[in-house]
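If you read the sequence shown in my numbering, its first letter stands for residue 34, the second for the next number, and so on.
Bear in mind the hints are in silico, worked out from the structure with no lab data behind them. A hint or two may mislead.
Calculated cross-link-like contacts (lysine to any residue; reagent style SDA-like; alpha-carbon spacing at most 25 Å) [said to hold, decoys possible]:
id: 1; residue 1: Lys113; residue 2: Leu100
id: 2; residue 1: Lys186; residue 2: Val72
id: 3; residue 1: Lys386; residue 2: Lys422
id: 4; residue 1: Lys550; residue 2: Ala617
id: 5; residue 1: Lys257; residue 2: Gln462
id: 6; residue 1: Lys385; residue 2: Leu403
id: 7; residue 1: Lys131; residue 2: Asn75
id: 8; residue 1: Lys416; residue 2: Leu618
id: 9; residue 1: Lys386; residue 2: Arg407
id: 10; residue 1: Lys513; residue 2: Lys554
id: 11; residue 1: Lys243; residue 2: Ser268
id: 12; residue 1: Lys67; residue 2: Leu174
id: 13; residue 1: Lys583; residue 2: Tyr553
id: 14; residue 1: Lys243; residue 2: Ser177
id: 15; residue 1: Lys412; residue 2: Thr585
id: 16; residue 1: Lys243; residue 2: Val184
id: 17; residue 1: Lys555; residue 2: Gln580
id: 18; residue 1: Lys110; residue 2: Glu246
id: 19; residue 1: Lys510; residue 2: Pro266
id: 20; residue 1: Lys422; residue 2: Ala410
id: 21; residue 1: Lys110; residue 2: Glu76
id: 22; residue 1: Lys620; residue 2: Glu498
id: 23; residue 1: Lys67; residue 2: Ser151
id: 24; residue 1: Lys139; residue 2: Ser182
id: 25; residue 1: Lys131; residue 2: Ser118
id: 26; residue 1: Lys257; residue 2: Val368
id: 27; residue 1: Lys581; residue 2: Glu621
id: 28; residue 1: Lys161; residue 2: Asn94
id: 29; residue 1: Lys110; residue 2: Ser268
id: 30; residue 1: Lys67; residue 2: Lys139
id: 31; residue 1: Lys257; residue 2: Pro99
id: 32; residue 1: Lys510; residue 2: Leu495
id: 33; residue 1: Lys110; residue 2: Gln251
id: 34; residue 1: Lys555; residue 2: Leu609
id: 35; residue 1: Lys200; residue 2: Gly136
id: 36; residue 1: Lys554; residue 2: Val632
id: 37; residue 1: Lys554; residue 2: Ser629
id: 38; residue 1: Lys139; residue 2: Phe181
id: 39; residue 1: Lys131; residue 2: Glu116
id: 40; residue 1: Lys430; residue 2: Gln459
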Amino acid sequence: MASVHESLYFNPMMTNGVVHANVFGIKDWVTPYKIAVLVLLNEMSRTGEGAVSLMERRRLNQLLLPLLQGPDITLSKLYKLIEESCPQLANSVQIRIKLMAEGELKDMEQFFDDLSDSFSGTEPEVHKTSVVGLFLRHMILAYSKLSFSQVFKLYTALQQYFQNGEKKTVEDADMELTSRDEGERKMEKEELDVSVREEEVSCSGPLSQKQAEFFLSQQASLLKNDETKALTPASLQKELNNLLKFNPDFAEAHYLGYLNNPAVQDVVSSTHSLLRVFWIGSGFIYWSMQASSGLLGYELRHGQQAELALQEAIRIAQESNDHVCLQHCLSWLYVLGQKRSDSYVLLEHSVKKAVHFGLPYLASLGIQSLVQQRAFAGKTANKLMDALKDSDLLHWKHSLSELIDISIAQKTAIWRLYGRSTMALQQAQMLLSMNSLEAVNAGVQQNNTESFAVALCHLAELHAEQGCFAAASEVLKHLKERFPPNSQHAQVICLLHGIRFISDNNSFYYNIKNLSKDVYKKAVVLQAQNQMSEAHKLLQKLLVHCQKLKNTEMVISVLLSVAELYWRSSSPTIALPMLLQALALSKEYRLQYLASETVLNLAFAQVNHAIALQIGGKAFSLSSSNVMLAVERIRDVVYFQARLYHTLGKTQERNRCAMLFRQLHQELPSHGVPLINHL
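Whenever a hint applies, use it, and build me the whole structure from the sequences.
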């Protein structure tokens, strides 16, 4: 232990900048910041209950856990945090640290000796097994192992820590007094923020095991639940590199790097982080790396690479007889093979196994996937909602708040699929107004998850369908503010616009489903531009493509567009079979919204057909009347010819004209109007 704590922060790994040992060989060590936290704890125990109000004590208790587990911060920032919770206690802590730093070494020695008294007595102030008690015991043990030279270095570091804090406090006061101009004040504030950040970096030093674990768990929770409040990808990667510099074999840090890099679509760094986990880990970590590699391949549309990684994960799980890992692999097998016809059998088997092994998370995910599959297969809404109700029971029983949000978002999508806009709106608003059950570090709520983005997208589309385009624009604006372009859920907003992108050389790619939507929109634009032949060719190709993919919703939309193209081209009779086919599919798959739209188009086509028949009937009546008038004239002419032949004595010609007159008179009887009236 001779080389331990030789640097300013007593890093057990480094001597003169050279790494010698694992940074987590020692659980914790004493730093000037931790001495300041110990002073805070001591002052809290010495302060009576009447001196500090109940709300102030509650705020102090909430502040303690981040202070105990978080990285070291500057003294001025520590004063500020304590002052926000309890100004009186902040003043006491400041005076106590000042007396210790400006006094002698024996003052610090006496302070650590007095800390041991906290555990003495029949009713000690601090329990040994509590969070504060464990922290105190670790600090007392670490201090007792220091040599005299190391204690002297610690006291010197404390004096420097106090002087830097006092200097920063004076600078803050001078800035508030002398900065009058708004522009100058803003510039000085920015410069101050930069210096504070640099000082924090220099102050933090290497993290202990608990600090590193707290930092990783906090950032992982922020990346999952509220990415905007987490460190930026570049800053987080810088902190991870600093952490890995002291412990290159810290697999959890490499894995957090893998989770961080996809936020900026850095595929190379993600692969590198997974390979580092592969080199380091074994057992569950090794299996997790393989499964994550499969996930990365799936997200990048590398199906073969994903399957190979998943096969390796299955092999590792089978060798270790790990049923939990095998269930995760079974779920991923369904994801990779969900386009196959027998994929639902695999999914049902996965749900049964997850229930058997007591894995509510995987069981619930499987039920939700089954519900989605049955919805596209045309099952009734009541059966799907019953299945989701059983899934919700698992969520509430095991407090799976993330899956509760996913379930509500899925209900919103199902109601929209079936055309129930009121129910979809109700579910979307329920999710938006619902607070998460999971308490994330730093007071973050689960309001920036993918489910939240999906609910907002549905809300925007529902407003647009009802003609409230201003409200839809406001929702989209809020979406873009909440989910910036570099966030992992920004692609949901892009899908709302019909585009999914990867920020790699500013290139775009489209998946199969979105490609169909884009081609459909292109055909609609061509139809609006009266380019009927080009639109018809495009729609016919798209119809065949969607029928092969069994994308029923898109098939119905294409049939409606083709029918519209026919009746706009004055061919309503050809449009009727298309509309009847679309109506049959809508009723078969219970797509009420599309069925209503089809009925409207069918009625419109029939009205157009009736108008054409009416116009044809008018034309036929007019032509018939003209024919009737012509027959009357012919009969009159034949009559006069017969009279003329009779006068001339031509009996044969007279008889022929008389017989013709009689035939015309029988076909078109006279209305009793004398022939002389026509003369």
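Checklist entry - Under the criterion that the straight-line Cα-Cα distance not exceed 25 Å, is the pair Lys257, Val368 satisfied? => result Status holds; Cα separation ~21 Å.
Checklist entry - Taking only the CA atoms, is the gap from Lys139 to Ser182 under or equal to 25 Å? => result holds (14 Å)
Next on the checklist: Check the hint pairing Lys67 with Lys139 against an upper bound of 25 Å on the C-alpha distance.
Outcome noted: holds (18 Å)
Next on the checklist: For Lys412 and Thr585, compute the direct alpha-carbon distance and say whether it is at most 25 Å.
Outcome noted: holds (13 Å)
Next on the checklist: Given the hinted pair Lys110 and Glu76, is their Cα-Cα distance within 25 Å?
Outcome noted: Within the cut-off at roughly 18 Å; holds.
Checklist entry - Does Lys131 pair with Asn75 here, judged by a C-alpha cut-off of 25 Å? => result Answer holds: Lys131 to Asn75 is near 15 Å, not above 25 Å.
Item to check | Holds or violated: Lys513 to Lys554, with C-alpha atoms at most 25 Å apart | outcome: holds (23 Å)
Item to check | Straight-line alpha-carbon gap Lys67 to Ser151, limit 25 Å | outcome: holds (17 Å)
Item to check | Restraint status (C-alpha distance of Lys555 to Gln580 at most 25 Å) | outcome: holds (19 Å)
Checklist entry - Would the pair Lys67 and Leu174 pass a check requiring their Cα atoms to be no farther apart than 25 Å? => result The given pair, whose Cα atoms are some 13 Å apart, holds under the 25 Å limit.
Item to check | Proposed proximity, Leu495 with Lys510 (alpha carbon, max 25 Å) | outcome: Status holds; Cα separation ~15 Å.
Checklist entry - For the pair supplied as a hint, Lys510 and Pro266, is the alpha-carbon distance within the 25 Å limit? => result This hinted pair holds, its Cα atoms lying about 24 Å apart.
Checked against the numbered hints above, the structure violates none of them.
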